Amino acid sequence: MFERGAQTRVALPCALLLTLTLLAPRSGVSQTAAEMRARVVNARRIAKIARDSTDTLRHVHGRDIPPDSMSAGALILRFDKEEVPPRLLKLLDGAVHQAWASADSQFGEASAAAVNGTSIWVDRTSHRFLWDRFVENVQLELSGPGGGGRSTGTAMPITQQKLADEILDLVGTSATRAVPTNIVTWTGYWTPARTASDETWKQVALDLATSNSSATRACYAGAIQSCESALGLTELKDSLTEWYSPDGWRVLVESYAAPKDLLAMEIRRDCVEKRIAATCERLARTRPILLPLNMTSRATVLGLAIERGGRQAFARLIRSKGTPIQILAATAGISADSLVGEWRLRSLAQLPSSTRPSAGEATAMLAWTIIFGFAATRRRP
Amino acid sequence: MFRQVLFTQWKWARTELFLYVIAGFLVPTIIIRVGFSFVDSYSTSSVLSVGQYAGVFFGGLAMLAAVGLAWRPYIIDAALKHVGPLSLPVPWAMFVRLRFVAGAVLMLIPTIAVWIGSIAATAAAPIPPTLHAYPTGLAIRFYLSALTAYAAAFLLQYVAGRNATRVAVAILLVVALMETGSALLGFHSPMVGAWNVLTTWPGPFSTFSGIWMLIDV
Chain S
1 MFERGAQTRV ALPCALLLTL TLLAPRSGVS QTAAEMRARV VNARRIAKIA
51 RDSTDTLRHV HGRDIPPDSM SAGALILRFD KEEVPPRLLK LLDGAVHQAW
101 ASADSQFGEA SAAAVNGTSI WVDRTSHRFL WDRFVENVQL ELSGPGGGGR
151 STGTAMPITQ QKLADEILDL VGTSATRAVP TNIVTWTGYW TPARTASDET
201 WKQVALDLAT SNSSATRACY AGAIQSCESA LGLTELKDSL TEWYSPDGWR
251 VLVESYAAPK DLLAMEIRRD CVEKRIAATC ERLARTRPIL LPLNMTSRAT
301 VLGLAIERGG RQAFARLIRS KGTPIQILAA TAGISADSLV GEWRLRSLAQ
351 LPSSTRPSAG EATAMLAWTI IFGFAATRRR P
Chain Y
1 MFRQVLFTQW KWARTELFLY VIAGFLVPTI IIRVGFSFVD SYSTSSVLSV
51 GQYAGVFFGG LAMLAAVGLA WRPYIIDAAL KHVGPLSLPV PWAMFVRLRF
101 VAGAVLMLIP TIAVWIGSIA ATAAAPIPPT LHAYPTGLAI RFYLSALTAY
151 AAAFLLQYVA GRNATRVAVA ILLVVALMET GSALLGFHSP MVGAWNVLTT
201 WPGPFSTFSG IWMLIDV
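Protein chains in written order, with our numbering: chain S, 1 to 381; chain Y, 1 to 217.
The set of hints was computed from the structure by calculation and includes no laboratory data.
All values reported here derive from a predicted model rather than from experimental measurement.
Keep in mind that the hints are not guaranteed to be accurate.
Part of the chain Y face toward chain S, derived, beta carbon under 7 Å [to be verified]:
hint: 1; residue: K11
hint: 2; residue: A13
hint: 3; residue: D40
hint: 4; residue: Y42
hint: 5; residue: H82
hint: 6; residue: V83
hint: 7; residue: V105
hint: 8; residue: L108
hint: 9; residue: P126
hint: 10; residue: R141
hint: 11; residue: A152
hint: 12; residue: I211
hint: 13; residue: M213
Below, a sample of chain S positions facing chain Y; criterion: calculated Cβ distance under 8 Å [to be verified]:
hint: 14; residue: A223
hint: 15; residue: Q225
hint: 16; residue: D247
hint: 17; residue: E254
hint: 18; residue: Y256
hint: 19; residue: Q350
hint: 20; residue: L351
hint: 21; residue: P352
hint: 22; residue: T355
hint: 23; residue: R356
hint: 24; residue: P357
hint: 25; residue: F372
hint: 26; residue: A375
hint: 27; residue: R379
hint: 28; residue: R380
Heads up, the beta-carbon is just placed ideally off N, CA and C, and yes, glycines get one too.
Here chain Y stands alone, though its shape is the one from the complex (with noise of 0.2 Å):
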């Protein structure tokens, strides 16, 4: 059963991994080269934004991988009204938990080209002797970000269901409203305790708000 569902979210998801993968493995070295043509190499403060850049694209592709393979299922089988998942002769709940594995198994697709491509990103840089390359420290960040990012979309997705959409929208203009509003008024915002709750630990997202350096100290 769990190799079926497996099987058609692949199917599903294929061509949306493969650019997953593709980004996960060219922007790297991308980012390395063209960083490290523009900045002195022999400065650790150049090196280091450099590294930075690369971290935060790391970060903006696990979000988008997350809810990419989130949604997509559910929109596909919304579409056709669940008929196809209803009748099948298990409970919705196992169905669900199915669906979940299934996709937080296939993060691991992009995770492994972040990997290999972190590692021939920084292969010949020239980095200077007190910094170091982290290419696996960043796969594993990367991978536990994704499925965090993955079970939230996916929550709201299944909790929420055809108005998954609209509660999100709603979330960022209740969002963009507060902080319009405290900008206007002159408080501050509530907003930065929230983010602050959610980003650092135990928050859910605070592998997001931790150190995105492909090379570092």
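Excised from the complex, chain S in its bound form (with noise of 0.2 Å):
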């Protein structure tokens, strides 16, 4: 049917398009209209659902719920028994005794200290949209005994690590509020209630591999003390020329958006283009110095710390006096310099592999290929 000549010139373009086909960024990287469209429609429902949950919580608040509705050790969830079907009352039975052993693993003797006194609202809504979808979600709410709290919602599909992720969540936010206040403000008012997991270590091994700031690179090269600095553990005289040098100072004016002010435009040149250290200086001064390693990575050594201490470990953490560096020593009953250096090994263990397939990936690329191969033998022309 065709020639020669003419299959070739069909086949090329085919194959040109097709390599741009697969090569086309992931969905998780860019997004279609009909992607966009969907995300738009589904951030309604969820803004819905969220106006939804809050208006029913303040109505749950009003009415009289039995103080301890589900409870395990000393973690209490109160909900209207009314309004939660049998399905999601076993999640959450088993959600808030799962919680409860991981809050009681991470807090240990201190347990009861970390939930506080606190108690948690539950809340179901459900919806149903156009085409008869099924829409769940489940807010859950922190009250402590002296108000205020926090909220946060799972949504569908509704499973029991989830709501025990989310009670977790709250957990560590309960648990805050007894740990020194000097900790708190280090950490980013965030105290981890169950072990990081490979992912966040993953995020604190790339977050120490991908900064710009000087102490970070001597840290991920072995230097301890630099670990210290860039996780603001040590006493800073100045952030900038400790945290970065001169071609970092560039880096950071770099990040900065750039002014339209034609003079300012100038001064930027200076530092970004004819590399002038001291203009890059006087530049990276003019705003908050980005701190080396965020706040994730500050967490992580928290949480290392806890569980490095044992049992016992959290009961230190909140009678614990003194600077972060000695709290978190205390804590974990071993000297700082132990404690970063380990959890500096246990970061760059989590790297992520680098180019080189996995053997997984080319035992499948070679199953596939032989598959592939095979089957082109099965027909004559």
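Two independent chains are provided; combine them into the complex using the hints.
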């Protein structure tokens, strides 16, 4: 049907199109118009559910709800049993016990102090949208004895694991109230209520490997004092010069939005293009200095200190006084250098795998190659 | 017999193989040189983005080399109505197997060029100490990806025969129609799910959606 030349003329554009199709960014990276529209519709639904959930929570607060609808250890959930279907009741029961087991292993003897007399209000909302699409949401709200708190939502599909994670998230907030103020400020108002996952350690490893701070780069190379400095655990006289080298000042300035004023543009050019260190330093000092390592990294140090310190660690943490590094060392029951050294090794161990395909990936590829190759022999022309 | 098939395919494909070798050897160096001249090499994010560009190029080259090596022998055989292969004293299945393996062996040539080109490109590049060059890992990924894409294109060509082009165009049309339809009607595109199955482990094209970074953490 097709001559050789004609076939080549059609085949080459097809090959090019296939190549472009396969190399197009993945859905997680970019979105098509359809995906964007679907997300907007979804966001509207979530907003409606959240609004309804908040209204219902207010309504629930006004009703007479038993103080302990469900409990595990010191962890108390409060909800209207008539509003919760048996399936969700079972999930909540599993989740609260799972969350308590995790909180108990993290906070040990001071678990009750971590929960701090707070209870968690539970509210469930469900809606039926167009084409009978069913959407369910579970809203959890932390309510302390002195008032105040925060809430978090779990969207479909609602699982025991997701509910347990959300409960633990709220327990972390509750535990923060008992922690010394300087540690709370240092970690960004967060106390980890469970052991950090591999995914969290991977984020820390990426933070460590991609920071432009000279202190972090020295930490990556093995200087523990630099790790402590990059984590904000040492006393700083001048964060700009202690965290960043002159090259780092330039990168900081590059990261700022380019000015529109002509004179400011010229000064910026002196730093970025002509690489005049004094100008970079002056410009860098006009903004708050970027932390070399983010709050997730700091939270993993605190989490590791609690993990290393055993069942009495959290009790020691809430009793301790001193600088953050002294409190962390007291919590872990080891020297600060050992703790930070272990944190460094543990995070670097989770660096994402390199470009080299994993053994599983390679095996799958070879298997597909053999399957395709074998299938190709099945048909005679 | 295999040597003869390999030699024949080499003769047919040597011009395009030469182009792949030149591209695999020179383009990474050009990307790294040009990229580094435009960005601040002290900034890890800038260096990573340059490494990413090189990776995207390798992904494209792997696909192009795969499709080229898979389709050419069939097109030439088909032009002569497969008289040569069918007159050989071996069954058709055995002949196709030899063709397949010969293509897979020839794919090693651009892979070696990619490997050497990547080593040359990153040897003198001022990479921050927390980042590393991965020329060997990238060459392995290149070969595995090219091999799978080659096998898929080979399957399409040898099963669909003269209709391979039509089938490929039909697949593209179906994808385009479904995408357009879902965009107009505001639905989640079903292609996203299909795409994820194909490009997520253990899907056949999962190596293409993996890490293609010449320079990485």
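Was the hint right that S/R356 lines chain Y, CB cutoff 8 Å? Constraint on S/R356 satisfied, holds at 3 Å.
Under the criterion of a CB-CB separation shorter than 8 Å, is S/T355 in contact with chain Y as hinted? holds, 4 Å
Cut-off 8 Å, beta-carbon criterion: hint that S/Y256 touches chain Y: Given a least distance of 13 Å, the restraint on S/Y256 is violated.
Holds or violated: is there a CB of chain Y closer than 8 Å to the CB of S/E254? At about 6 Å, which falls below the 8 Å cut-off, the nearest Cβ of chain Y leaves the hint on S/E254 intact, so it holds.
For the restraint on S/D247, tell me whether the closest CB of chain Y is nearer than 8 Å. holds, 4 Å
For the hint on Y/A13, does the least C-beta distance to chain S fall short of 7 Å? violated, 13 Å
Let me know if the C-beta of Y/V105 comes in closer than 7 Å to any C-beta of chain S, holds or violated. violated, 13 Å
Does the closest beta carbon of chain Y sit nearer than 8 Å to the beta carbon of S/F372? Holds, because the Cβ-Cβ distance from S/F372 to chain Y comes to roughly 4 Å (cut-off 8 Å).
Interface hint for Y/I211, Cβ within 7 Å of any Cβ on chain S: At about 5 Å, which falls below the 7 Å cut-off, the nearest Cβ of chain S leaves the hint on Y/I211 intact, so it holds.
Holds or violated: the hint that Y/V83 contacts chain S, with Cβ atoms closer than 7 Å. Constraint on Y/V83 not satisfied, violated at 11 Å.
For the hint on Y/D40, does the least C-beta distance to chain S fall short of 7 Å? Because about 6 Å separates Y/D40 from the closest Cβ in chain S, which is inside the 7 Å limit, the hint holds.
Quick check on S/A375 please, does its C-beta sit within 8 Å of some C-beta on chain Y? holds, 5 Å
Of the numbered hints listed earlier, those contradicted by the structure are 1, 2, 6, 7, 8, 9, 14, 15, 18, 19.
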